[in-house]
Amino acid sequence: MPQTKEEIISKLRQDMIRWEGFRPPQPGVHHDLGLGPVAAAFPGGVFPTGAIHEFISSSPEDTAASGGFIAGLVQKLLRNGGACLWISYTRRIYPPALKLFGVDPDRVIFVDVPLQKDVLWVTEEALKCEGVAAVICETKAFSFMESQRLQLAVEKSRVTGFILRKDVKKANTTACVTRWQIRPVRSQLRSGMPGVGYPRWQVELLKVRNGRPGNWTIEWKKQNFQPVILPQIAEPARQYA
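When you line the sequence shown up against the numbering used here, it's residues 1 to 241, in that order.
Rather than coming from a laboratory, the hints here were simulated on the basis of the structure.
One should not assume that every hint holds.
[Said to hold, decoys possible] In silico DSS-like cross-links for lysine-lysine, where the CA-CA straight-line distance does not exceed 27 Å:
1. 117 <-> 99
2. 170 <-> 140
3. 166 <-> 117
4. 117 <-> 156
5. 99 <-> 166
6. 207 <-> 221
7. 156 <-> 207
8. 170 <-> 156
9. 117 <-> 169
10. 99 <-> 221
11. 169 <-> 207
12. 128 <-> 207
13. 140 <-> 207
14. 99 <-> 222
15. 128 <-> 166
16. 128 <-> 117
17. 140 <-> 117
18. 169 <-> 140
19. 140 <-> 166
20. 207 <-> 170
21. 140 <-> 221
22. 207 <-> 166
23. 156 <-> 128
[What the hints assert, rightly or not] Ranges of calculated distance between the beta carbons of each label pair, as one might list FRET restraints:
24. 40 <-> 172: 26 to 34 Å
25. 116 <-> 227: 30 to 38 Å
26. 125 <-> 91: 15 to 23 Å
27. 206 <-> 60: 36 to 44 Å
28. 37 <-> 210: 14 to 22 Å
29. 118 <-> 148: 12 to 20 Å
On a predicted model such as this, the values are computed, not experimentally measured, just so you know.
Every residue gets a Cβ at the ideal spot worked out from N, C-alpha and C, and that includes glycine.
Turn these sequences into a full structure, and let the hints guide you.
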């Protein structure tokens, strides 16, 4: 039976997305990372696994916020099995803190690389391992050619990679599927409880291939990402003479 024009166009769109590095969800595999309204920014409303995601930060506070957000994503990816590798030359993450985001530290292999120049080489080798669910790399310098090599590595292994770039002064062009900027936001105190509330971030998706960038306020609550609607501040009434 000949295909209709709409069916042909639909198939071409699916092929184009696949050629760009996106793959459709596999039968029986759970790809919903619980991102809520953020998921609508991705092609087909599905977070692109088997791809490289870039997170940029310019301060230690932003780096910590990015690490927490990434941990929430990794928690979802680990549900399908495998382990996570966290590669860095100056490890700042406190392993027990990962439990706040539902990640068992025993399922994370921390690789401390003595020299910064070797971090990306170790990351590339780790991304080739098909039994790994996710690889997180902390680095500073990250060129377009280096990003291409990492993206090519996951084309076969289908491992999801997160590049956490620290002290970024000026963002350069990379081959990563997405680029994020995560900033901490003041949390709301829980009723009757002293201390701080649930982790809250300003999530900005600066770039997404074949998708729609956006900006959201997200909170980590009950082991899930939940959108936060901030109250609007009314403008003061203008006085006219």
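> Of the numbered hints stated previously, which ones are contradicted by the structure, given in increasing order?
Replying inline: Numbers 1, 8, 21, 27 - these are the hints that the structure violates, sorted from lowest upward.
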